[in-house]
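K.L.:
Residues per chain, in single letters:
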Amino acid sequence: MPVQLLDWEALEEFFTALKRRGFTLIGPQLQDGAIVYDQLEKPEDLPLGWQDVQDKGSYRLHQRDDEAAFGYVVGPHSWKRFLHPPSLRLWRAKRSESGFDLQEEALKDPKYAFIGVRACELSAIEIQNKVFLGGSYTDPHYRARRQGAFIVAVNCTQAGGNCFCASMGTGPKVETGFDLALTEVLAPSRHYFTVEVGSEQGAELLKEIPHQEASQQEIATAQQLVATAAGQMGRELDNSGLKEILYASYDHPRWDEIAERCLSCGNCTMVCPTCFCTTVEDVTDLSGQEAERLRHWDSCFSIDFSYIHGGSVRASGKARYRQWLTHKLASWIDQFGSSGCVGCGRCITWCPVGIDITAEATAIRNSQAVTGVKTKGTRHVQADH
Amino acid sequence: MARLTNSPRFALDPMLPQRFVVERLWRETADTFTVKLEPVDKTADFAFAPGQFNMLYVFGVGEIPISISGDPADNTALLHTTRAVGTVTKAMSRLKPGDMLGLRGPFGSNWPVLEAGGHDIVLVTGGIGLAPLRPALYAILAQREKYGKVVLLYGARTPEDILYKKELARWRAHFDLEVHVTVDRATESWRGNVGVATTLIRRAPFDPQDAVAMICGPEVMMRFTTQELLRRGVDSSRIFVSLERNMKCAIGFCGHCQFGPQFVCKDGPVFALKRVEKLLNTWEV
Ligand SMILES: Cc1cc2nc3c(=O)[nH]c(=O)nc-3n(C[C@H](O)[C@H](O)[C@H](O)COP(=O)(O)OP(=O)(O)OC[C@H]3O[C@@H](n4cnc5c(N)ncnc54)[C@H](O)[C@@H]3O)c2cc1C
Ligand code: SF4
Ligand code: SF4
Ligand code: FES
Numbered sequence: 001m002p003v004q005l006l007d008w009e010a011l012e013e014f015f016t017a018l019k020r021r022g023f024t025l026i027g028p029q030l031q032d033g034a035i036v037y038d039q040l041e042k043p044e045d046l047p048l049g050w051q052d053v054q055d056k057g058s059y060r061l062h063q064r065d066d067e068a069a070f071g072y073v074v075g076p077h078s079w080k081r082f083l084h085p086p087s088l089r090l091w092r093a094k095r096s097e098s099g100f101d102l103q104e105e106a107l108k109d110p111k112y113a114f115i116g117v118r119a120c121e122l123s124a125i126e127i128q129n130k131v132f133l134g135g136s137y138t139d140p141h142y143r144a145r146r147q148g149a150f151i152v153a154v155n156c157t158q159a160g161g162n163c164f165c166a167s168m169g170t171g172p173k174v175e176t177g178f179d180l181a182l183t184e185v186l187a188p189s190r191h192y193f194t195v196e197v198g199s200e201q202g203a204e205l206l207k208e209i210p211h212q213e214a215s216q217q218e219i220a221t222a223q224q225l226v227a228t229a230a231g232q233m234g235r236e237l238d239n240s241g242l243k244e245i246l247y248a249s250y251d252h253p254r255w256d257e258i259a260e261r262c263l264s265c266g267n268c269t270m271v272c273p274t275c276f277c278t279t280v281e282d283v284t285d286l287s288g289q290e291a292e293r294l295r296h297w298d299s300c301f302s303i304d305f306s307y308i309h310g311g312s313v314r315a316s317g318k319a320r321y322r323q324w325l326t327h328k329l330a331s332w333i334d335q336f337g338s339s340g341c342v343g344c345g346r347c348i349t350w351c352p353v354g355i356d357i358t359a360e361a362t363a364i365r366n367s368q369a370v371t372g373v374k375t376k377g378t379r380h381v382q383a384d385h
Numbered sequence: 001m002a003r004l005t006n007s008p009r010f011a012l013d014p015m016l017p018q019r020f021v022v023e024r025l026w027r028e029t030a031d032t033f034t035v036k037l038e039p040v041d042k043t044a045d046f047a048f049a050p051g052q053f054n055m056l057y058v059f060g061v062g063e064i065p066i067s068i069s070g071d072p073a074d075n076t077a078l079l080h081t082t083r084a085v086g087t088v089t090k091a092m093s094r095l096k097p098g099d100m101l102g103l104r105g106p107f108g109s110n111w112p113v114l115e116a117g118g119h120d121i122v123l124v125t126g127g128i129g130l131a132p133l134r135p136a137l138y139a140i141l142a143q144r145e146k147y148g149k150v151v152l153l154y155g156a157r158t159p160e161d162i163l164y165k166k167e168l169a170r171w172r173a174h175f176d177l178e179v180h181v182t183v184d185r186a187t188e189s190w191r192g193n194v195g196v197a198t199t200l201i202r203r204a205p206f207d208p209q210d211a212v213a214m215i216c217g218p219e220v221m222m223r224f225t226t227q228e229l230l231r232r233g234v235d236s237s238r239i240f241v242s243l244e245r246n247m248k249c250a251i252g253f254c255g256h257c258q259f260g261p262q263f264v265c266k267d268g269p270v271f272a273l274k275r276v277e278k279l280l281n282t283w284e285v
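These protein sequence lines are chains A and B, in that order.
The letter at position 347 of the first sequence is residue 347 when you use the working numbering, and the numbering goes up by one with no holes.
The letter at position 269 of the second sequence is residue 269 when you use the working numbering, and the numbering goes up by one with no holes.
Bear in mind the hints are in silico, worked out from the structure with no lab data behind them.
To give an idea of the interface, some chain A residues facing chain B are shown, with a C-beta separation under 10 Å as derived from the structure:
(1) ARG95
(2) LEU102
(3) TYR247
(4) THR278
(5) GLY288
(6) VAL313
(7) LYS318
(8) TRP332
Below, simulated SDA-like cross-link-like pairs (lysine to any residue); rule was C-alpha separation at most 20 Å, straight line:
(9) A/LYS42 / A/TYR112
(10) A/LYS94 / B/ALA91
(11) B/LYS96 / A/ARG95
(12) B/LYS36 / A/SER98
(13) B/LYS36 / B/TYR138
(14) A/LYS243 / B/ARG275
(15) B/LYS96 / A/GLY99
(16) A/LYS94 / B/VAL22
(17) B/LYS166 / B/VAL179
(18) B/LYS278 / A/GLU244
(19) A/LYS108 / A/LEU90
(20) B/LYS96 / A/GLU97
(21) B/LYS96 / A/SER98
(22) A/LYS243 / B/PRO261
(23) B/LYS36 / B/VAL88
(24) B/LYS166 / B/PHE33
(25) B/LYS90 / A/HIS309
(26) B/LYS90 / A/ASP282
(27) B/LYS278 / A/GLN368
(28) A/LYS56 / A/ALA259
(29) A/LYS111 / A/GLU200
A few chain B residues that face chain A, going by a derived Cβ cut-off under 10 Å, partial list only:
(30) ASP13
(31) MET15
(32) VAL40
(33) VAL58
(34) GLY62
(35) VAL85
(36) LEU101
(37) GLY102
(38) PRO218
(39) GLU219
(40) ASN246
Quick reminder that beta carbons are idealized off the backbone N, C-alpha and C, glycines included.
All chains should be modelled from the sequences, with the hints used to inform the complete structure.
P.N.:
Pasting the structure below:
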């Protein structure tokens, strides 16, 4: 289907059409000094005229000199909180005559319509699809939420200070995995979106709202904006041979150096759109008659994460940072066929001490070029568990 | 390696346990017990391969990975041997016949029992590590003629901590099985070896060019054992180890069991040493 065009004024009808189909709209909005994802009612809820300015350990909002609805990059939230929620009950158990009965948790299909999904975020969803749906077991909760979701992607027309999606091959242009993809254009007298249709469902929805075919000129203007973003990346990461370099760097002195700065707070893992780790919690009511099992997001930075009887395997902060970075940029490739990083920059922005994954990976790469790849290194013996 | 991971039991939610009832629970040593389970759903089968494990849930307390310790050929008895060390294992040790447990599984890879046919077999283990190896021993002894020499090298803390003592004696008497036991601390009446299991490797009667080794024990013990076996000339592709990591799901979702690129729950727990040798000798992986 050729590229279509939607005027800003038609956005309200677009939202209404989605709601009519039973979707709950989730999208960007201003809350407590950051742009987060929450339930949206109307286009005016969008962060009109706001832009985020990001750097290492820093996030600020600035007023733009236009009324762009998608003029920011990414905030502390990602769509993972809706597809793979921070807390979820897995099942309940009730004491009975013979022992206990188990009650499965009903699957929720909240029918989310995600408004404003960036290219890097679509890649992150694709990566979590592989984790939760791609193996011999599937997560029914993730599946129900993902299958029911309607995705309205938005191309980035401006990159942020911590962005490096161009290095990761995940953006800034959305390629697949959406129902509709918008590019926002603020022309002197006109505020409009060019629209690419990515699915049957997207085409059907578009029929219900006023739109027209975009002209060659309008398409070219939109493409130009996305191309500009590609040239504005605040950071970059050289992925060539990175897996092999990191696999050969378990004993690299850089880990000690990072550990002196890293607080092991786990912020990076919480904001990361691909990090999927969880823990479980078993609770009972006061009478001890009912129990339930909850699942919560967890972080490889917590000391309990690797606990086995006798002590934690990754007892030191440096082992935990090494685990995180090596998983993201190296072992993920062996596990799921792609890097675990989509270059969104969130971990850099929300790190309280401004640790930069691209700088750390580069430091390890560069020091190896000088000293040569060290494969043997010292052998430490771990305490007996 | 044969995999039995995609049991139809998990048609719905792989995190939902099946209910099992404690048929019997008996002490093996002061801190170790074996529990025999029966499914509530009588049609549930619990076929497993030696080396696989289940996730056992104690009502309201928690869920933990425990290896299956019984005979894989006996589909009337589902056994787990557990050392009571913490919250869940202690709660489990207090269960009585008729009490209920939740169970998910079987999970994971298995010992290469079939592939090792025609070879000498060396099993090296310490403490509770004998439990995950016992199913392999059952399977090997059931077809004893298919193997060369079969040697079990076992280290326990004290003579009182030796697991499956009577069974080991019976096997030694009835099958062509060499059992070498060593203890860390001897008691008055102990006439056997004293020291760690690795010291037994040097004198153990097997052909290093031919033998297949299977090792299960604390990580530091496995490190020394593999080094000793390599030194004797056993190839790293014929040495197998069973790794242990924290596990919250057993199905590749929680991320806790990662060991470099491996998920111990689904790629392991049994690995060919060749695949994990470098990481096994790296600190805090
Ligand atoms: C694949 C596999 C097979 C195992 N087979 C056996 C077996 O046959 N017999 C046996 O006695 N033990 C076995 N273990 C170890 C057993 O799972 C732990 O002893 C048990 O989890 C301790 O739980 P706890 O609540 O009693 O201890 P706590 O110390 O109170 O533990 C708290 C939590 O930490 C985690 N944890 C603690 N220790 C371990 C550990 N060693 N391994 C993994 N997670 C741990 C668990 O999530 C546990 O719920 C096995 C472990 C694995 C990974
Ligand atoms: S590792 Fe950092 S930059 Fe990469 S996807 Fe996660 S949060 Fe974004
Ligand atoms: S890298 Fe930064 S955000 Fe991540 S755990 Fe360390 S201090 Fe926290
Ligand atoms: S135990 Fe959860 S991923 Fe392996």
